[in-house]
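Quick note, the sequences are listed as chains A and B, same order. The first sequence begins at 0 in numbering that gives the first Met the number 0 and counts up one residue at a time. The second sequence begins at 0 in numbering that gives the first Met the number 0 and counts up one residue at a time.
If you are wondering where the hints come from, they were derived from the structure by calculation, not from laboratory data. Computed from a predicted model, the values in this text were never measured in an experiment. In this text, a Cβ means the ideal position worked out from N, Cα and C, and glycines have one as well. Some hints here could point you the wrong way.
Stated by the list, open to error - The calculated DSBU-like cross-link candidates involving lysine-lysine, where the alpha carbons are at most 35 Å apart (straight line), are:
no.	chain 1	residue 1	chain 2	residue 2
1	A	Lys224	A	Lys166
2	A	Lys166	A	Lys123
3	B	Lys197	A	Lys166
4	A	Lys123	B	Lys197
Unchecked claim - Calculated Cβ distances over 10 Å to all of chain A for the following chain B residues:
no.	residue
5	Arg285
6	Val425
7	Ala512
8	Gln570
9	Asp575
10	Leu578
Claimed, not checked - The calculated label-pair distances, taken between Cβ atoms and stated as ranges, are:
no.	chain 1	residue 1	chain 2	residue 2	range
11	B	Arg117	A	Arg271	46 to 52 Å
12	A	Asp162	B	Pro172	20 to 26 Å
13	A	Leu359	B	Arg117	49 to 55 Å
14	B	Arg110	A	Trp197	57 to 63 Å
15	B	Gly284	A	Ile194	36 to 42 Å
16	A	Phe193	B	Arg20	49 to 55 Å
17	A	Ala257	B	Ala345	35 to 41 Å
18	B	Arg30	A	Trp197	48 to 54 Å
19	B	Glu466	A	Asp162	54 to 60 Å
20	B	Arg20	A	Ser310	37 to 43 Å
21	A	Ala257	B	Asp476	17 to 23 Å
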Amino acid sequence: MTSAGVDLSETSSVELTDQAAAGLDAVAAGGVDEPARRRVGEGFALLFPFARDGWPGFALAAALAIGSTVAHLGVFYIVYRVVLVAVGVDEATSGDLYRLAAVALVLVVLDHVLLAFSLYISHKSAFATLARLRVRVGERLGRVPLGFLTRRRSGEVQRTLADDIEKLELFLAHALPDTVAAVSVLSVTTVWIFIVDWRLGLATVATVLIAFPIMARGMSQGSAKMGDYTAAMSRMNGSVVEFIRGMPVIRVFNRSGATFAETRNAIEGAARFQSDWGRDVLPSFSLFYVLVVTNVLGIVPVGVWLWRSGSIDTRTLLFFFVFGLGYSLPVVKLLEFMTNISHLTFGASAILTLSEAEVLAEVEERVEITSPRLEMSGVGFAHVGPDGTPRRVLDDISFTAEPGTVTALVGPSGSGKTTLAKMLCRFWDPDDGSVRIDGHDVRRVPFEQLMEQISFVFQETFLFDDTVAANIALGRAEASRAEIEAAAVAARAHDFISELPEGYETRLGERAVRLSGGEKQRITLARAFLKGSPVVVLDEATAFADPENEAAIQDGIAALIEGRTVIMIAHRLSTVVGADQILVLDAVDGGPGRLVERGNHEELVAEGGLYARLWAAFEDSERVALGDAVRGGHDG
Amino acid sequence: MADPTELAWRHEGAFYAGPVRTTWRLFGPRRSVFILAIAFRFAAAIAAAAQVVTAVWVAEQLRTDGLSSDEGWAVVAVVAGAFVAQYLFMYASNRFAWVATFEVVGEIRIRVLGHVQRLPLGVVDGRLSGDLSAVMTSDIDMVGNFAHNSLPVLIGAIGLPIAVLTALVFTDPLLAVATGLSILAAVPLFRWTNSRFKTLALVRGDSLAAANSRIVEYVQGMAVARAFGVTGARNQLFRGAVDDVRRVNDLLAVRLTPLALISMGVVQLGVPLVISATTYWWFGGRIDAGTALVFFVLVLRVYGPLIQVATQVETLRLADAALERIGRILDLDPQSEPATPGPDPADGTVRFDGVGFGYLDGVPVLDGIEFEARPGTTTAIVGPSGAGKTTILNLVARFWDPGTGSVTIGGRDLRELTSAQLFAAVTVVFQDVYLFQGTIRDNILCGRDDATDEQLHRAAAAARIDEFVSTLPLGYDTPIGEGGMTLSGGERQRVSIARAIVKDAPVVLLDEATASMDPINEQAVRRGLASLVAGRTLIVVAHRLSTIRSADQILVLDRADGPDGPARIVQRGTHDELLAEGGRYADLWADRERATQWRATRPGLVAGR
């Protein structure tokens, strides 16, 4: 929130080194492989559209910033006028000088008041824009294929929605008005100094013009090693994170020494690289930043020469001494923006990726669903990896789940069971074939209507940071307390909820009450009860339950599935023994998952295929008694 | 809920002492280089000032007797020379600051890491581990950025005006006082606004963090939000969080904008003041036109750099926060360890004598835990969730030290063992399997570098990984990605079992609450575990009926004094004894048994069959 505004009062180059160093950091962080000018242009083109929403505010802020800068220049002009008097070029009474001082006072106040309004308006507009942007991106995320949000990427998405969008504030509230003001002031002063005297004008801009090719050269020098630099830094970060994550294992297996030495090497390597890299680029960077502000280098010799040859009068020379020396300060503002741009554009492109992500097509018109028969025919699907390569995970899946029956999906890990189940809710759409509910392709059913039909109980429970009641009423905000409690009773959750400090009004979530895995799952079951959809999909609903709660969850599930169409995924095969049909999926040699067997438990065991092997393994692992194993080893 | 890892292990900050002093401390032996960097920056500033002074001199010449040709050349020479000097000084300053900083940054990373290594594992493994990564990477970078960039700028920005003001004092003390007046007025204002800033930024930080975590939650819970048809604006939590962020920011913008500008504005008010005062004394005849000229030209050079201080405040604050977080870690007490190893544990007998433990003072988790686990026996720990079952395992592995009583292995108190001795005796089978980058062979042999190929193959066979390894093109030399990502959960678990078998420690600690696996993996893991535990002292947080039933002793933990009290051992004995006894264990057992036999069926349909 700090901003010095556009600041023309400083001509020494001392303060510029921070930009110089920040520039180095920006280069180091951003991975520069092209001249800075191009980056800035592209960055601006990328960032500018974000300001379109709410532009009147930003335009007003920029106008006020220009006004503030003009007032600031005015102070310079006053100083120029009094200098003329002091040198004796102009005649003035003390009254005239006091009047000039009064004007300076007004200008200083005006400068800061205008800047305050500019900042205030730019911030207000920026925050409004960010809020709208967040809602828009949030909406979008609700309609993209869920694969977009797989675990690996959800961290990125979270960062974008929370941090990257927040960072746009820097651009919208600061960089945008500052840059507009700097550019307009720079244009005006450039024209002005050239009108006053084109030769001295040229001398003023000369150092700035010389500086840029030097910087470009320095950057290309630096970028030659940039790849190595990035590699050294990421090797270090990776090594450090691994060291910390693996600390318990490292110590238990006595690897502290070796691992520490590796990490130490990585850290020292990165530090050495940073020093070396600085050594390479610092000469040209330092020169650049010294040159940009040292207009005096051109002005004094050319000015003295012109003055002595009689081409300019004292007034003109003094004009350049006061104004020319402050000429570069807007350039400094622009540089500041330039150094930040790699950070900003990085976030901006992440935001664009989200806000323009492809969404699942939706229809509006409701269809008539009388009986929740689920059908898949010839369904095939490929996940697209983070690197963009598709990987086929399901192939040629066809089955029908009759209303009121239990269908179990079993198979080894990675055979695509969860993907298949999630396609029923259109978390993904199939690439081939179709998913139908009561004969309607789910793509032709409005999402809302589909969700009325299907409840999904996930393996990993997810409770929002809100009250117990609100969490249960997630799908039906209008539900009465009595309905919520009835659902909790049915899900076997009422008893423990009543014992919570504030009962149904107890806040859940990270910073609130900690529930055990099983208790959480019972709340999610209550959600499904309240929603009351005719189809229930259970994805290993007891996987993260603590043993003490498992029986209660199972009672809840038993109540939930009664009379509904059930699709369930289970690794503990004993739970699916009673299913009407068991679908066995298998992905042979990392290929896509296929339906390899189907039938009820007895039929499949008798068949002697994959299911029979799974069942045998299941029974065997149930038999392994560790206590006996301990004693067995001791005896033998 | 308070974070136990932070409170229990934090004592009054020894490391952190304000941003400048802490940075100074960090630089240690490299301080001289750093001082040199700052000195060169001053020199560069003076060279820059020399050019401006030359311009002032030229103006003064114009006023009095004009400029001769020789004088003109001298002016050009001085300006050019000063420019070259400025560049050289600036380059030297940048280079010294840069090099010193990045050496220090490397050292502080190594120092923090070295310290972390000596902390109790419980501290590192808890919530600290996320913070720690942030401290090790971005926070230390932030400090580096501050040290090589902002600190010299700050010192330069304060130093240059002081130098110019000193020169002005010699020109005319009274006018110099007038020039300094606005600065003096701004200093308390600046300090006040700064402390306001800090408070408001904290408020903003907290509110934003809360709102942001709800936004993040929206993404994490997207599947659920979708399944219940509450996405985007329809999700009141998300909507509310977004509005909160906006409201907090708006409020702060109103309060902070004037604060950000007021002290700068006050400094600038010195311009009209100096013009007026100079006019007054000049026309009053106390000073001449030359002195007036000097003040007119230099007044802006005094105020300019000071305004830069304001622009650096943000970086200063960020670095300050980063240093505080670094200090928070360095100030954690390391776990004590004997300098020289004493005798090794006599055998694998684990004993708890009157052990009490709590993460926070006054909030005991365990109390009066007494038991002995002998080699070749199984001790199963059961009890409701949150009763501290895993804490018992953590105490044996010395993730924490007990608050009262003692934990011994083979007659030796854990605190008398070096960590090498301790972990030669104890193996932990972690729920969250962590594999190193490297090959499968590296991972299996990591406990013992002297292991033979035969041992490797035997362990692999016992852990049931020989089969799947033989299908890999490179066999045991197949590299596994970061954290072993390319293997399935079950396969990783089996590699970790093989690793434990090779390590061959007499005590095995196991938590049976494993994530779900398909039956074939599950069977392999169970068989592997059976090989691992043979003949050892097994202490297990037991979830499986077979484990509980076959245990030599079962410890039933429960919070006997109510939900907030510590857990104690409420019952102990074998399965048959405890069943006969009734009580807590019998209830737990009945529930477990019912859960295991549960199956999903439509009652109507089954009845009809």
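May I ask which of the numbered hints given earlier this structure violates, with the numbers listed in increasing order?
6, 7, 11, 12, 17, 19 and 20
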